[in-house]
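Peer 1: If you read the protein sequences in the order shown, they are chains E and L. Counting in the numbering used here, the first sequence runs without a single skipped number right up to 405 at its last residue. Counting in the numbering used here, the second sequence runs without a single skipped number right up to 428 at its last residue.
Any given hint might turn out to be false.
[Stated by the list, open to error] Taking lysine-lysine pairs in the DSS-like style, the calculated list, with each CA pair at most 25 Å apart, reads:
no., chain 1, residue 1, chain 2, residue 2
1, L, Lys-416, E, Lys-262
2, E, Lys-262, L, Lys-44
3, E, Lys-300, E, Lys-52
Hints were generated in silico from the structure; no laboratory data involved. Quantities reported herein were computed from a predicted structural model and do not represent experimental measurements.
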Amino acid sequence: MFGWEYPPFNSGGLGVACQGLARALVNQGVELTFVLPKNHGSIKEPFKFIYADIPNVKLIEINSSLMPYLTSEKYRHLRSNQPGWIYANTLYEEVARYAAVAKSLANSLDFDLVHAHDWLTFGAGIAAQEVSHKPFIAQVHATEIDRTGNIDLVNPHVFDLEKSGALAANKVISVSNFTKQNLVNHYGISASKIDVVHNGVDPDRYYLDVSLDEGLINLKKLGYKVVLYLGRITLQKGIDYLVKAADLALKVDKKIVFVIVGSGDMEGEIMRLVAERGISDKFIFPGFLREKERSSIYKTADLFIMPSVSEPFGLTALESLLHGTPVIISKQSGVSEVLHHALKVDFWDIEEMADQILSAVNHSSLRKTMTQNGKKEVIMCNWDKAAQKCLSIYKSI
Amino acid sequence: MSSICLYFQVHQPRRIKRFKHFNIGDNQYYFDDASDGNLNNKKLINKVSKKCYLPTNKVLLSLLQNHPEFKFAFSFSGLVLEQFEEYVPKTLRSFQELVKTGRVEVLSETYYHSLSFLHSRNEFLSQIKLHDQKIKDLFGITPKVFRNTELIYNNSLARFIEKLGYIGILAEGADHVLDWRSPNFVYSPYGTKKISLLLKNYRLSDDIAFRFSDSTWKHHPLTVEKFANWVNAINGNGEVINLFMDYETFGEHQWAATGIFDFLSLLPGELLKHPDNDFVTPSEAIKRYKPVAKLNIPKFISWADVERDLSAWLSNEMQRDAISQLFKLEKPIYASNNQELLKAWQSLTTSDHFYYMCTKWFADGDVHKYFNPYDSPYDAFRYFMNVLADLKFRLKTQNKLKIN
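Just chain E, with the same shape it has in the complex (with noise of 0.2 Å):
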């Protein structure tokens, strides 16, 4: 299995989804070797990790700045701010120097099939495929569609490399219908070979348990209903559509608080709308918070939203709903193929988001459905049920 990142060495969900499947395919009997592009550190599962930099091949170390949902515009952008960089011009040769190692990797290791993920992976995927002749699983997370949030921003070599692992694997896997149909629609991908895995979510790797957040309890006490946001700031997560949405919502109850919580390259601009607008006192910014910061600001919210343009799973929902705080999600999600116990919004209805903000922070036998509710929806989505899923296909094959 080829991975980008692991945690705790990762910067998003793309690491969380390849341990959680990792480890249930292991747990259902898979003979697993986790393959990686760089030694960050140790890992502890009871499965086999191969590090790509490896001395005898001429991979130079991959500077952690790689994350996943990097563009090559803004990895570009990062190197030029890192003097005396001596290491691969553009992550696309960090890629391709990725799949020179899978090759030769792919040489000396016994196994059945290669299984990749992300277009990161891919180079690698086919590399396996080839010498080996095994069958190679495309799996998607998320696409260059979803990550611009708009065709016309497309990286053309990324959507190159997306589309041709998904032509050459043998079977993608996708994390939900609305991925399938974009790879269907904008990747010409033929449906039949696709198949949905959904995510799962592992409840031990939260603090449930945590205290809440005091600063935003003082809010409560003073009246305050707290709405969260958690994720990227990025033009896919439709941040933009939710001040909007806020605008309108605050016009008819003044003692709503919207609190953003991460970072991106939009957080100035999310900025700018929310102070051009004059709602400012009603939006905190925390940034970037990491895990019991996380769980602590979850359980203390009233209403999780996630207004994606493009969202190719959501975990971020069914983690809210893990703390006991009850969701809108955008329609244009994976997530919303799972949980129903939802309000669902399309991300550019800004009334109607704004009129569902409304009932939920004016109702909390509303919100004490949802989460009640939802909850156990959320519990049914383990990674149990993927790895399952996965191994049939596997069989499959």
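Chain E is fixed; fit chain L onto it per the hints.
Peer 2: Only chain L this time, still in chain E's reference frame:
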């Protein structure tokens, strides 16, 4: 001797449109969705008329003409009748024609097909009176037998209804109250003297209403011969077989293509082949058969879902919140003396609004989803509560007007 007692429920709620917070105080009507979707009451009643009411009435009329022994009962909600008057008078005339034969009994219920007995005896009584007046106006009949919304029933309801002078009341023949007893006899409700209780034979009723077109059912396809055999098997150990079901079973829940209309047109003839079978209306059953025993039902039962209790309408916090908020407005609404507000408020007491908010999809799922015109129970709740807020706003502004 076994008598077959057929009763069909005819009801359509006034579904609430997608009423937003931003509509509160906007002087909007609540039930006038004009979209192509399933909230457009006018469109729906036209559709159901075409698919179910008119064709089924036609079948029943010819059955009445061909079989002098055939008879049955209807229960209409006041809401469905007023919507017939408003949108499809032709359908109302077709029902009137059936009742005019003198062999179709009309039952009593709450005008608004409401859950009012659970929350306000005053309102419950008002809605029964409104209903019986409507039946008198449209059919020239005074109902003698009462059936509560969705066959919701317990001892205290029977006592209340007895005091109003009705001779009978209907309920679900739920296993957990019948225990070893048979639903195929007339019973006497615990704590009453005169009123009789008729219990739905839910197996035979649901064979038609729910399982008729279920291809996974071992008895599928259901033929009149098969069904008549089951009925005949009761002969000798049961006096009255109560087949109670939604009228929309015919053509709406079970589509015409399933053969449901053929089934219905052949059924009376097939049942009458057995010399000991005949048909009775609920009041005839009560007059003919004496109660065999007292039946003690202290807890509420109903004909809904596998639980046969109140959980379809009142199992989650949202549903309980919505209905208690609604009934908090009862006094101020009456005090306002505003007929328009009263009518709107009463239309919100209809059980369907709370049914749409039910979240126990996963246990007993599909039926609720099938009957829910909203995307989710949460949306149903939102629009209901927004309407309620608007109603409160109207009450307040009207009061202000009066004071000024």
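Peer 1: All hints, please: hold or fail.
Peer 2: Cross-check of the supplied hints:
no.	hint	verdict
1	L:Lys-416 to E:Lys-262	20 Å, holds
2	E:Lys-262 to L:Lys-44	17 Å, holds
3	E:Lys-300 to E:Lys-52	21 Å, holds
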